[in-house]
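Peer 1: Take the given structure of chain G and dock chain B to it, following the hints.
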Amino acid sequence: MARVMVTHADEPIGRRVVKTLYHDDRVHGILAVGQGPPPRSFDRFLAGSDPRVEYARVDLAKHRPMSDLFHSSRFRSAEIDTIVYVPRHGATAADSAPILAGLAERTAETRLLMQHCLEAQGVSNLVALGSAFVYRLPPGNVNRLDEHSELDLDPDVPPEIRSWIDCDMILHGEVHNDRLRVVLLRVPTVVASGGYVYLNPALSGARGRQLRALGFDPICALVSEKDVAHAVRAAIHARTSGVYNIAGREAVPLSVLSRWIGRATTPIPDPLIPLASSVARMLGVKVAGGTRAPHLRYGFTLDTRRAERDLGFLPVDRIGLARAGDGSYRIETVSVVHA
Amino acid sequence: MSELPPATEVLLEEGPDDRALGRDPFEESLAPDPLFERLDAIEGRLVPKPRRAPEPLPAPIRPRAPRRSLPRRSRPAVPALAEIELPEPSGWLDRLLGDDARRVLAALNHLVEGDGPYDRFGFSPDVTRATFPIAHALYRGYFRVKSDGHAHLPSAGPVVLASNHAGLLPFDAAMTIVDVALHTDPPRLPRAVVDRWAGSLPWVNIFYARLGQIIGTRENFTDLLDDGQLVLVFPEGMEGVRKTVAQRYRLQPFRVGFVEHALRARAPIVPMAVIGSDDQTPILYDLKPLARRLGLPVAPITPTFPWLGPLGLLPYPVSYRIVYGEPLDFHERFGPEGADDARLVRYLSNQVRRAVQLLLDRNR
Chain G
425 MARVMVTHAD EPIGRRVVKT LYHDDRVHGI LAVGQGPPPR SFDRFLAGSD
475 PRVEYARVDL AKHRPMSDLF HSSRFRSAEI DTIVYVPRHG ATAADSAPIL
525 AGLAERTAET RLLMQHCLEA QGVSNLVALG SAFVYRLPPG NVNRLDEHSE
575 LDLDPDVPPE IRSWIDCDMI LHGEVHNDRL RVVLLRVPTV VASGGYVYLN
625 PALSGARGRQ LRALGFDPIC ALVSEKDVAH AVRAAIHART SGVYNIAGRE
675 AVPLSVLSRW IGRATTPIPD PLIPLASSVA RMLGVKVAGG TRAPHLRYGF
725 TLDTRRAERD LGFLPVDRIG LARAGDGSYR IETVSVVHA
Chain B
531 MSELPPATEV LLEEGPDDRA LGRDPFEESL APDPLFERLD AIEGRLVPKP
581 RRAPEPLPAP IRPRAPRRSL PRRSRPAVPA LAEIELPEPS GWLDRLLGDD
631 ARRVLAALNH LVEGDGPYDR FGFSPDVTRA TFPIAHALYR GYFRVKSDGH
681 AHLPSAGPVV LASNHAGLLP FDAAMTIVDV ALHTDPPRLP RAVVDRWAGS
731 LPWVNIFYAR LGQIIGTREN FTDLLDDGQL VLVFPEGMEG VRKTVAQRYR
781 LQPFRVGFVE HALRARAPIV PMAVIGSDDQ TPILYDLKPL ARRLGLPVAP
831 ITPTFPWLGP LGLLPYPVSY RIVYGEPLDF HERFGPEGAD DARLVRYLSN
881 QVRRAVQLLL DRNR
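Taken in sequence, the protein lines are chains G and B. For what it's worth, this note's numbering labels the leading residue of the first sequence as 425, then goes sequentially. For what it's worth, this note's numbering labels the leading residue of the second sequence as 531, then goes sequentially.
Hints in this document: simulated from the structure, not taken from any laboratory. These numbers come from a predicted model, not from an experiment.
Just some of the chain G residues that point at chain B, by a computed CB distance under 10 angstroms: (1) Pro-563; (2) Val-566; (3) Asn-567; (4) Leu-569; (5) His-572; (6) Ser-573; (7) Ala-645; (8) Val-680; (9) Asp-727; (10) Arg-733; (11) Arg-742.
Which bits of chain B does chain G cover? Going by a derived footprint, with three or more residues having C-beta under 8 angstroms, they are: (12) 647-654; (13) 741-755.
Note that CB positions come from ideal geometry on N, CA and C, so glycine has one too.
Only chain G is shown next, with the shape it has when bound in the complex (with noise of 0.2 angstroms):
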């Protein structure tokens, strides 16, 4: 029986997160934290009079607010053992990596989190959600990466994947910890009904103009929040640690994945794309991936056999677009189920 503490509940994966954990009959409690108020769509999960489901409001980034959740009467009488890290990932792209005492806001949460999750005694379990973006790409339309992949560690990433690179590698640092037992799942571009895509640099964040190199189209490999939730819950239960790959089935080019989440995209020469960003702000025109990033030219699929292998995970959702009631076309996850 676990009890599992979730972080940013209150965000779309998370709250993804909670709701799965909730119907697993093997997680005995749940204790979701966020830094907003609570979902509405926690209400019945939060009534009755021994709920299964308990919400704190916490700063996470904060050493205090951490310390003292980690400290208080409550984490210690849910008798949490298992923590399962979902980084921010609902802000929108200006906001998605504030720096706070020189750290991006990201960095600073799994830090502390790490380090109050090793000093905790009942903690015995870390599942924590990183970014497949940190891998460094060699140039090519496609490029198959597994966990062994070169990280990159050039100095001119932008700094949201910067802030991805330092999350991964602190988590990393501990994944052979005899005490405390570390699952770090890789996720690239995650992909909800009704159009909503997290976690991709180039296209998560603020709605508007999307700028993309001209000449590229790099293929996204997508996997739905509810296949992100499976992969939690099955790490929750695996008795292994280690760093794992998690994607779906499909994988699309970046300009069909802009079309099916209906987000314009203007392509521009990849040198020119710096100057037009900033050229389109002083216009107040709202831009999205305004940097010569490599995601934005180069792609990548996942190798994701180790996660079958040691975790079982297999991806049940098919991505497409689907027609929606109002007659208008939307990116959709359908779950299928496999003989």
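Peer 2: For chain B alone, coordinates are given in the frame of chain G:
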């Protein structure tokens, strides 16, 4: 001289340890020197002590599981040509193709698992179907390709096809792909390994990926062989493209990575020779300093380039001859562990080079 006050007299009488006047710096001290005390202490610590047996390490909380091999992926099953229902031609370009070629294209649709438009390397059957008629026309009409030794191509399982490379534009690769696809049953699509530089070129990178070509990284190569696909390599790399007229049909040193991957994947290496590609764009001189400055792999001077502009890069209508040699089953003798021996891998790479050179010399 004034007399000392009584108190001072008392102090002087007390001897050298009086505190009012301090210690005489020239007086030899009988007290032990603290420096030597410290040195003695250090020496005492340096005296080797009898060693105790090291304490046994505590048993890990979770014993690590032994390494297990990765699960085998379900390989795309391409049906035999006899099982393919002949599709109706979809346009005038399609009508130019014969029935056999249209059957081949229909069979290649099965390379994409599920109903998605792309496989995990970006291969698109639709783009292949649209461009195949042009490649087929070049194959039949422009390069008038004749080929031999198709029996040496395994009909299934991972294969590495090692070829010579020449000509500024990779028509040798295109003709090999068409030839293999047309002469294997079930049809096999060679996945050519292209240089990283090509992957950084706008539009070219997309075009190559949609036709099933891959960038030569360890992960791509390994994944395709694990998948039981046929991988086409040009072990000379860009050195093959840079060959001048004087070096025609003389193979440059081979790279070794393909042998390593073939050993690990237990894949046979089929040597092959493309005769004709060395004559398609004869390079008179390679302006290497200019190429370096422009970031290009080659800056050629040919009888037509740069005099005719980009048109000068187009190949002459030479006739191609493609010959496949007998498969080299190194993996049967040396096994996957042979890939860890750098000298062995180098030696085997030279053996492949020799086999390709022999094919070239015999069929020119």
